[in-house]
Structure formats: C-alpha cells, structure tokens
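**Student:** Since the structure of chain A is already known, use the hints to place chain B on it.
There are 2 protein chains.
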Amino acid sequence: MSRVRVHNFSISLDGFGTGDVQTLENPFGHVGERLHKWMISTDAFGGTGKRGIENDLVAHTIVGVGAMIMGRNMFSPHRGPWEDESWRGWWGDNPPYHNPVFVMTHHARPSLEMEGGTTFHFVSGTPQEVLAMAREAAGDLDIQVCGGVSTVRDFLAAGLIDEAHIAVAPVVVGRGERLWDGLEGLTETYDLVEAVGVDKMTHLRLVRKYSHATTVYPVCDFV
Amino acid sequence: MSRVRVHNFSISLDGFGTGDVQTLENPFGHVGERLHKWMISTDAFGGTGKRGIENDLVAHTIVGVGAMIMGRNMFSPHRGPWEDESWRGWWGDNPPYHNPVFVMTHHARPSLEMEGGTTFHFVSGTPQEVLAMAREAAGDLDIQVCGGVSTVRDFLAAGLIDEAHIAVAPVVVGRGERLWDGLEGLTETYDLVEAVGVDKMTHLRLVRKYSHATTVYPVCDFV
Numbered sequence: 005m006s007r008v009r010v011h012n013f014s015i016s017l018d019g020f021g022t023g024d025v026q027t028l029e030n031p032f033g034h035v036g037e038r039l040h041k042w043m044i045s046t047d048a049f050g051g052t053g054k055r056g057i058e059n060d061l062v063a064h065t066i067v068g069v070g071a072m073i074m075g076r077n078m079f080s081p082h083r084g085p086w087e088d089e090s091w092r093g094w095w096g097d098n099p100p101y102h103n104p105v106f107v108m109t110h111h112a113r114p115s116l117e118m119e120g121g122t123t124f125h126f127v128s129g130t131p132q133e134v135l136a137m138a139r140e141a142a143g144d145l146d147i148q149v150c151g152g153v154s155t156v157r158d159f160l161a162a163g164l165i166d167e168a169h170i171a172v173a174p175v176v177v178g179r180g181e182r183l184w185d186g187l188e189g190l191t192e193t194y195d196l197v198e199a200v201g202v203d204k205m206t207h208l209r210l211v212r213k214y215s216h217a218t219t220v221y222p223v224c225d226f227v
Numbered sequence: 005m006s007r008v009r010v011h012n013f014s015i016s017l018d019g020f021g022t023g024d025v026q027t028l029e030n031p032f033g034h035v036g037e038r039l040h041k042w043m044i045s046t047d048a049f050g051g052t053g054k055r056g057i058e059n060d061l062v063a064h065t066i067v068g069v070g071a072m073i074m075g076r077n078m079f080s081p082h083r084g085p086w087e088d089e090s091w092r093g094w095w096g097d098n099p100p101y102h103n104p105v106f107v108m109t110h111h112a113r114p115s116l117e118m119e120g121g122t123t124f125h126f127v128s129g130t131p132q133e134v135l136a137m138a139r140e141a142a143g144d145l146d147i148q149v150c151g152g153v154s155t156v157r158d159f160l161a162a163g164l165i166d167e168a169h170i171a172v173a174p175v176v177v178g179r180g181e182r183l184w185d186g187l188e189g190l191t192e193t194y195d196l197v198e199a200v201g202v203d204k205m206t207h208l209r210l211v212r213k214y215s216h217a218t219t220v221y222p223v224c225d226f227v
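Chains as they are written, first to last, in the working numbering: chain A, 5 to 227; chain B, 5 to 227.
Chain A with its partners taken away, still in its complex shape (with noise of 0.2 Å):
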C-alpha cells in the first residue's frame, strides 16, 4: 500500500522549521544550515563517510518513494507569481529528488523537466487534491511530503501523513516559522512512538494512530 511520508524534516528545540527572511543566499533565513548540519553530515548526503543511525535515517529517505510534494518557498525565494520563469529551484541541474515533484502554487508554470529524473509539476489545489495527483503518479510506491514548514504542518493537520520523522536540532532560534502552531490535538490523531536522542540531535519518530487511518488494512477478509 502506497504510505505519505516525511524524512529528515529538521525543527529547533522551540520548534522552529526555518528562520526568517529567506534570501536567495539564505533558504532559511536567518538559521543557516544550523537544522540540517546532522543531515549534511552524513554519508548518504555528502559522501563525508559518517556512518550510524542518523546516516541510515537520510539512507532510507528517497526508498520505495514515487512522486513527492512541496511548498512553493521550499522551491523558490520568490513570492506572489513568477516574474520569469528562469528559476529552476535551488539544486542545480541535477536535484536529489529523481522523481516527480509536485510543487503547490497558486501561479500556474508549464512543468519543468530536469536531469536525473525530477520533474517539477505546479499544481494548485487542497492538500487532499495534490496528494490525489502525487498518488496517481506515484502508483504502488509511497509519496514524500518535503517541506517546508506549512506544507508539512497543513499535511499533519489533515491527518494525510502516515508516518514522519521530525528530527529536533540543539539550537533555539527564537522566530520564523514554528511545525507545531496549530498542531493542538496532533497526538490525538499521531502517537509519538519513539524519540531517539543521537549525539545532541532527537530525532522524533509520528506515526498516525490506527484508528485514523485513511487507508484500511484488511488483517483478515474471509472470516
């Protein structure tokens, strides 16, 4: 069955996602690279050769994952409808996605093919409805929900993630953008089955609770 997953989606201990203001030069804003330096770190990211849990955490990342969803920041500095449409996303020519994306806009761009396998789609809708498209593309494989903040944040709202891995940082950022506004109730709907501290960082394991599962998994059809 085809699960919505998020990996390695990095907060500050008060839960901040990513600073303020984006730039071209800063993604996050204010906050650098400071969520993302166990991330970066890594082997399976940077080739560095540091091995262990957090190395296998972003190794499993991108596994059986067919189509993928995220926010406009998260694609592009710009705001409000595109000026040009030379903007081909932060990642070079190659981005490290190597599956369709489905980028969520209200400002309409013919779809954007890169090298390696990523295609940027710009789609509008609710997050009900783009997840719709992401499945169709996705077919038996799972889909990825990438960031940023909101995007992430409006997913665990619905109740469309299946499973995520928030990983909590050892840094207070003081402002930008919080996961968790909003998000009373969430572990009414997610159980928190696990909180693995690894080397300052904790990495924070959501799991939707059974009883909220939009996808029923017959145990047993013939009784």
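Hints may be right or wrong, so weigh each one.
Which copy is meant is left open, so a pair is good if it fits within one copy or across any two.
[What the hints assert, rightly or not] With a straight-line cut-off of 30 Å between C-alpha atoms, the simulated BS3-like cross-links for lysine-lysine are:
(1) K213 to K54
(2) K54 to K41
(3) K204 to K54
In case anyone wonders, no lab produced these hints; they're calculated from the structure.
**Tutor:** Frame of chain A; chain B shown alone:
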C-alpha cells in the same frame, strides 16, 4: 562548590511548561498532568515500583540541595497582593522540598514554616539577588531552581543556572507559557550535552559552557 540546578522541568513538544489558565483545581491549566506523567509514574516520586533512567533522574533531584527558588505562580494560584495568608502552597502540611524555599514575589509576607524542614521565604529582588539569599541559606550545598516557566527562563537568560534537566513530553498543547521564548542565543551560553529518549520522552541536559562559568574551578594553581 555550590551549583545551581534545574531538575525534571517538563515542557511539551511545542515548548510550553504550563497551559492556561491556572486555577486552584488545575495548577497547569488545560495541560493538566500531561507534562509530568513520566515523573509522577516513577518509584522515586510516587512509590510506584517503576525503576529505570527516569526514576534515577527523579531520585537524584534533591540530593545535595540545600535551598530552593520558585516563582510566586508556582507557589500559588493567586495573583497580586495576598488577600489573606491562609494559602500555604499546593503540597499540604509536609511539602516535598525539605529545605528553605525562596518564593519570588513583590508582595511581602512572613516566612512560613511547614513540617518536614520546608520553610517558605517570600522575597523580592533580581534573580541575582534572590540567588545570593539562597546561596547564603544553602551553605556548601546546591541550589535548585524549581520553576515555574518564567523563573527558569529568567535564570537561564541571566546565565545563573549551572545545569538544567529539561524533560520534553510527547504532546502538543498549543497555548500557555513557553520556556524557550526570548532564549535565542541560549546555546551560545549553554551546551546541550545530552538528549536521551526514554519511552517517548526526551530528556535534555543543558550545561553552561565553561567559558561562561561564574564560578571558576582552578584546575591547577601552582604551575
């Protein structure tokens, strides 16, 4: 050397150390006991027979402590001048402190001697001034800063805490008082030396960086 310690200080995933609104029936407002369930369930706290790392954390709380500090809102649900002096804290005739406890308040009141060695002293002053009183009372022993949220935050902001144990509970509570607010830059003064996951809780240990220590420990003074 006398140290200033925080133990078992419990917050939600979104950083709230208490909910709103505090009442006589609900000292932690709408949050109830959700932040402290881990602590209450230990053998050291409740004689439950439940051992393990969390029990060790709780069991070591009072060891070596000679004086305590708490904010007025931790002592009482009332605000402003004392209407009468019949309120003697939430904890009955024999509070679990067994030490002089300095309650920070702008509203004077005679000291209150309880059973079991606890005496509440009602004092005003800056964190530095109140800490000086507590140090005087503690002698060679340590000082525990008990809470609530703003008291721990103010002492952390002033760099007066030597070591803090913060317990992060697996709930999102949405409103109340946040520990981390205004503590941007905390990790320039403190190292998060440990993040341990136990049974969905995360226990964080913050230690003031050596370079910011107010007490200088001479390693060798005869070179």
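**Student:** All the hints need checking, so say for each whether the structure fits it.
**Tutor:** Checked hints:
{"no.": "1", "hint": "K213 to K54", "result": "between (34 Å within a copy, 27 Å between copies)"}
{"no.": "2", "hint": "K54 to K41", "result": "within (12 Å within a copy, 37 Å between copies)"}
{"no.": "3", "hint": "K204 to K54", "result": "both (16 Å within a copy, 26 Å between copies)"}
Against the hints set out earlier in the document, no violation occurs for any number.
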